[in-house]
Each structure stands twice: as structure tokens, then as C-alpha cells.
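Asks: Listed below are the residues making up each chain.
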Amino acid sequence: MATSKLQALWNHPAGPKTIHFWAPTFKWGISIANIADFAKPPEKLSYPQQFAVTATGVIWSRYSMVITPKNWNLLSVNIAMAGTGLYQLSRKIRHDYFNEEEAATLKE
Amino acid sequence: MSFFKTFINSPVGPKTTHFWGPVANWGFVAAAMADIEKPPEMLSGNMTGVMCVYSALCMRFAWMIRPRNYLLLVCHASNETVQLYQLSRWARGQGYLQLKEDKTSST
Numbered sequence: 001m002a003t004s005k006l007q008a009l010w011n012h013p014a015g016p017k018t019i020h021f022w023a024p025t026f027k028w029g030i031s032i033a034n035i036a037d038f039a040k041p042p043e044k045l046s047y048p049q050q051f052a053v054t055a056t057g058v059i060w061s062r063y064s065m066v067i068t069p070k071n072w073n074l075l076s077v078n079i080a081m082a083g084t085g086l087y088q089l090s091r092k093i094r095h096d097y098f099n100e101e102e103a104a105t106l107k108e
Numbered sequence: 001m002s003f004f005k006t007f008i009n010s011p012v013g014p015k016t017t018h019f020w021g022p023v024a025n026w027g028f029v030a031a032a033m034a035d036i037e038k039p040p041e042m043l044s045g046n047m048t049g050v051m052c053v054y055s056a057l058c059m060r061f062a063w064m065i066r067p068r069n070y071l072l073l074v075c076h077a078s079n080e081t082v083q084l085y086q087l088s089r090w091a092r093g094q095g096y097l098q099l100k101e102d103k104t105s106s107t
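So the protein sequences, as listed, match chains A and B. Counting in the UniProt record's numbering, the first sequence runs from 1 upward without gaps. Counting in the UniProt record's numbering, the second sequence runs from 1 upward without gaps.
Take these hints with a grain of salt, some might be off.
What the hints assert, rightly or not - Here are the simulated DSS-like pairs of lysine-lysine, each with C-alpha atoms no more than 30 Å apart in a straight line:
#1 B:Lys15 / B:Lys100
#2 B:Lys15 / A:Lys70
#3 A:Lys44 / B:Lys38
#4 A:Lys17 / A:Lys70
#5 A:Lys44 / A:Lys5
#6 B:Lys15 / B:Lys5
#7 A:Lys40 / A:Lys92
#8 A:Lys92 / B:Lys38
#9 B:Lys38 / A:Lys70
#10 A:Lys5 / A:Lys17
#11 A:Lys40 / B:Lys38
#12 A:Lys70 / A:Lys5
Unchecked claim - With the Cβ distance kept under 7 Å, some of the chain A side facing chain B (calculated, not the full set):
#13 Pro48
#14 Ile59
#15 Val66
#16 Thr68
Hints are computed from structural coordinates only; laboratory data are not their basis. None of these values were measured; they are calculated from a predicted model. Beta carbons are placed, not taken as given, at the ideal position from N, Cα and C, and that holds for glycine.
Generate coordinates for the entire structure from the input sequences, incorporating the hints supplied.
Replies: Right, here's the structure in full:
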């Protein structure tokens, strides 16, 4: 019983033998790479890149719910992308705009 | 004028998600172009490497889905190109692409 279910999944038209599976699955790599970059100092983060990651995540989250059938896998991966992108943006903004005040007060 | 109308009402046109998804992904290309002059120490090897694999997969995806999405294909072909370039800049900055003679002479 279990093997036939597994076989059904394995042979699914959007299953692991097809690109329909691997392209969305690999999209998790973007969020994982971003999480790995949480350790990077904020000076090394890129505003354009993080903005692109966040915007893509938000737009694709919406559209994964508008297509037929609804693609929950695609929704979750794009929510993760938007989340990591927003966090990285907040780190960099905090460093660029709020630490300056501290540094300025220290200089005075 | 009728070409414009056909485009607006096309099954992969701006009234559909098949259009705006790829538009969003052009953001990656735009971001890479904005960062093209950045010093290699500021590039993220993680993100650039992942982008290279990801865009290759998405080129295949855009080709195989129905309706075939040429917009998505072109977007990811462009991203693949620019991300590979950025990856080579990062790798060179890290010292990965030196010739053996250079390496032995520097040690």
C-alpha cells in the first residue's frame, strides 16, 4: 500500500523526475543562501539584491495562490524568500541609518 | 495597434500571472547589473552560486511548462549570464581562478 503511494508520487507529472518539481524545490536554496548570509556584516549586504529577493517573494506568494491549482509549495518558498529578504534589509537599514546616530553622538 | 491588443489579451499577457511572475524575476537581473561594479569582497558567493543553478533550472522549467513561457526563459537566460559573470568576479577575488604558476610564485 505504502509502496504504491510512493510510486504514485514518484511517477507524478509534477514529481521528482520532472523540472516541475526541481525548479520550485531549488528555490529554497535562495532562502538558505540568505540565511547563511545572516552572519555577514551588514556593510557587505547588497540593497538591490535583497530588495529583488523580497519583491520576488512577495509577488510570487500572491501568484502562487492565484494559479490553478494553488501551489502551496511555491507559496511557502516565496514567503521564506520575502521573510529572509526583509530581515536582511532591516539589518542593513538599521546599520546604515540608526548606528550613524550612535556614532555621531559618540563623536560629539 | 492590433498587435498591442493581441498582447494585452494574450494568455501570457499583462492581465495574467504568467506575465508578472517573470517581471518580478527581472529584479534579480536588475540587482546584479546595479552591483556589477561592486568590489568582489562585497559579493555573496552563496547567493550568486545558488542563482546560477536556480536560473539554469528555471530556463528548463520555462521551456517545459504549458503555455511555454518565453518571457521567463529570456529573464533567466539573462540572469544566468550576469550571475555567472558575478560568480567569476567573486571567485577571482577569492583566489580560486589563478593559474598554478601564479599560486606557486606567490607562496
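Asks: Look at each hint and say if it fits the structure.
Replies: Consistency of the hints with the structure:
Between B:Lys15 and B:Lys100 the alpha-carbon distance is near 55 Å, which puts this suggested pair outside the 30 Å criterion. A distance of roughly 18 Å separates the Cα atoms of B:Lys15 and A:Lys70; the hinted pair therefore holds under the 30 Å criterion. Proximity of A:Lys44 to B:Lys38 is assessed by CA-CA distance (about 10 Å); at most 30 Å being required, the pair is judged to hold. Note on A:Lys17 and A:Lys70: the hinted pairing holds, with a Cα-Cα distance of about 21 Å set against a maximum of 30 Å.
Distance restraint check for A:Lys44 and A:Lys5: the Cα-Cα separation of roughly 47 Å exceeds the 30 Å cut-off, and the hinted pair is therefore not satisfied. With a C-alpha separation of about 12 Å, the suggested pairing of B:Lys15 with B:Lys5 holds against the 30 Å cut-off. Restraint check: the Cα-Cα separation between A:Lys40 and A:Lys92 comes to about 10 Å, which is no more than 30 Å; the hinted pair holds. Proximity of A:Lys92 to B:Lys38 is assessed by CA-CA distance (about 17 Å); at most 30 Å being required, the pair is judged to hold.
A hinted pair counts as satisfied when its Cα atoms are at most 30 Å apart, and B:Lys38 with A:Lys70 does not qualify at roughly 39 Å. Between A:Lys5 and A:Lys17, the direct Cα distance comes to roughly 16 Å. Compliance with the 30 Å bound is thereby established for this hinted pair. Using a Cα cut-off of 30 Å, the hinted pair A:Lys40 and B:Lys38 holds, with the two alpha carbons roughly 16 Å apart. Annotation: proposed proximity of A:Lys70 to A:Lys5 holds, straight-line Cα distance about 22 Å (limit 30 Å).
Because the closest C-beta pair between A:Pro48 and chain B is about 4 Å apart, less than 7 Å, the hint holds. Because the beta carbon of A:Ile59 sits about 4 Å from the nearest beta carbon in chain B, less than 7 Å, this interface hint is met. A least Cβ separation of about 5 Å between A:Val66 and chain B falls short of the 7 Å threshold, and the interface hint therefore holds. Here the hint on A:Thr68 is broken, as its CB sits about 10 Å from the closest CB of chain B, past 7 Å.
In the structure shown, a violation is registered for the earlier hints numbered 1, 5, 9 and 16, in ascending order.
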